[in-house]
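Asker: First to last, the sequence lines map onto chains A and B.
Under the numbering used here, the first residue of the first sequence is numbered 1, with each subsequent residue one higher.
Under the numbering used here, the first residue of the second sequence is numbered 1, with each subsequent residue one higher.
No lab work stands behind these hints, which were simulated from the structure alone.
Nothing here was measured: the structure is a model prediction, and the numbers come from that model.
It is possible that some hints are incorrect.
[Stated by the list, open to error] Examples of chain A residues toward chain B, derived with CB under 10 angstroms:
{"no.": "1", "residue": "A32"}
{"no.": "2", "residue": "F33"}
{"no.": "3", "residue": "L37"}
{"no.": "4", "residue": "I104"}
{"no.": "5", "residue": "N125"}
{"no.": "6", "residue": "Y171"}
{"no.": "7", "residue": "W215"}
{"no.": "8", "residue": "M334"}
{"no.": "9", "residue": "P337"}
{"no.": "10", "residue": "D338"}
{"no.": "11", "residue": "M347"}
[Claimed, not checked] Below are the DSSO-like pairs computed for lysine-lysine, each with C-alpha atoms no more than 27 angstroms apart in a straight line:
{"no.": "12", "chain 1": "B", "residue 1": "K116", "chain 2": "A", "residue 2": "K233"}
{"no.": "13", "chain 1": "A", "residue 1": "K193", "chain 2": "B", "residue 2": "K116"}
{"no.": "14", "chain 1": "A", "residue 1": "K363", "chain 2": "B", "residue 2": "K116"}
{"no.": "15", "chain 1": "A", "residue 1": "K56", "chain 2": "B", "residue 2": "K93"}
Yeah, the Cβ is synthetic: ideal placement off N, Cα and C, and Gly gets one too.
Chain by chain, the residues run as shown.
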Amino acid sequence: MTDTVSSAGVPALLGARGYRAALEWIARRAEAFVIPLAALVVGMVLFSVFVALVGKSPLQLYETMWRGGFGSWFSIQNSLSRGAPLLLAALCVALPARLGLVVIGGEGAIVLGGVAAAAIGVALNGAPSFLVILLMGVGGVVAGGIWIGAVGALRHYRAVNETISSLLMAYIAIALMNHLVEGPLRDPASLNKPSTQPLADIYRIGNIPGMEVHWGLGVGILACVLSWLLIEKTRWGFAARIAGGNVRAAQVQGLAVGPLIVGFTALAGGFAGLAGMLEVAAVQGSANGSLAAGYGYTGILVAFLARHNPLAIIPVAILLGGIDASGGLIQRRMDLPDATVLVLQGMLFIVILFSETFYGRFKLFNPDLWQRST
Amino acid sequence: METTDIGLWGVPLAMLGGAIRVSTPFIFVSLGEAITERSGRINLGLEGTLVFGAMSAYAVAVVTGSPWLGLLAAAFAGLCFGLFHGWICKFPKVNDIAIGIALMLFGSGLAFFFGKPFIQPSAPDLPAIPFGAWSSIPQVQAALNVNVLFLIGAALAVFLWWAFRNTRVGLIVRVVGDSADAARAMGLNPNTVRLLATGAGGALAGIGGAYLSLYYPGSWTERISSGQGLMAVALVIFARWNPLGCFAAALLFGGAGALGPALQSVGVTQGYYLFYAAPYILTLVIMIATSSPSRTLAGAPGELSITK
């Protein structure tokens, strides 16, 4: 075996060692940035090929996408608004992923969280606004938490595959919403688009001062930061990471894996439910079919792009919010179907998953394999 | 005999007819998934393949005027999706379940992208055989109007059941699915076998999609599939990877899916959306009932990540 730098006993100047150590420090962390970014670029290049094949200019498309997503203060605010629910929807995938679970039914928790919040907001009409908004939030979190928590419980106690069960539960949730919104909770005044009764204005959540972006963005970022702290800095997060690595080992260590799984999935569902509550309280003003707008599914992509790191979710969610926001402009300016954005997302998703195979393959990112450079 | 009002008998009759009509895509997707899973991989992307198959079948049928060419196009498109899944999953650390989710989104996205111009025009249908011609009751005739694809699916189920047990190819697929090491020792390349098995599974799922757009419901819309591809995956587990079981389970699911429309046809509209959820609930209940944390499922391929 060749002599490696870390074991070299060559006396060196402190400055040189510090330089070397810094280089190693950077190299060890660079992999987590370089590979996803490279994958993102490759995905966009592949998408350019696709766009060129259907006879449109990729350059014009990306220019339009930039303009629609981030080109002006107006479009940036639009992207941030679209990114806000994605933050919470992505946490619904990322938290269980740390335990080794692939939960993809966040859409169901969003929908039910929204319906629960709307029902509470209408039922408590007349009560003080802060109390009602708080209870709406709690209602959304509880509804979503129960829904995805059940997926976790089924996984651990009945060995039901969580990927399939969560998606089935999402379909059930959407059917349940349709039933409630068209039946017991329907506002008779909503004709074309069945909805619950609109929330009174004092129960609506407003915008962050100085921006046309509602407070959901702040809530989402806070949730991401708290989730990061939970995973990286608490013993529960530590236990979850062990269980995610090897369930048997965690059980041998005496960790209560069952409560851990149920707790993490319930928290994940709670975040998604909160996203639904925010959609109702800040955007729609009532619960209706627009709650199933696909945020849950885009959230899956966000979480995988961020490699299930809650802090990385923040920029990725805003990026994908921007891509989402530019969809309308692409449709109008370039005469392309609105599904163009879906194609791009699908390509990015596949490339990102494919890039997993490159982790640990490059010497550049592993200082232990560097040979002494003299 | 002039009266066509057969009262509540209409419900089981409509459910029987509905079970046959609704189950056909389930049969094809689940048989395809059974082949793939028997080889040791799981392809969750069949939902996307189903949607893309539906779109390509419809588009080709509109352009050429032949539903059979449409069917062929759907099978070919499904084959391509399946081969892509099989190819990309051979790389180390690439997760077959996650790739399936990505392909689910990608397949639907591509189908919506190319399918936009085909939402309006109408395509020729696949033919059906009127087994109910002896009866003068329209409901009976409607229920027994069986599409040829249903019959092909039934025959295919029997054939696959036989082939898994009695043919060389069937044995190869099963060996690769049970132990990649044993397969390598036999001189087989597990990746190649899985590539082909996933490709075959994709082609069958494409045919299932063609049935959706060319027979029932018989038009191309962006909401043509609502999780049938995914339910079929769950159904394969319930059927214990046995093609005959897949066929029976598909009929059961078809019946559950027909419950809502059948009740509506006799005037029950209360709770329509809850009945609409019946197949999903049934799938979930069956998954809960048949899974167990303490024992592995009987008949499960040893290499399958979903049952480990």
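Asker: Of the numbered hints stated previously, which ones are contradicted by the structure, given in increasing order?
Answerer: 1, 2, 3, 5, 7, 8, 12, 14, 15
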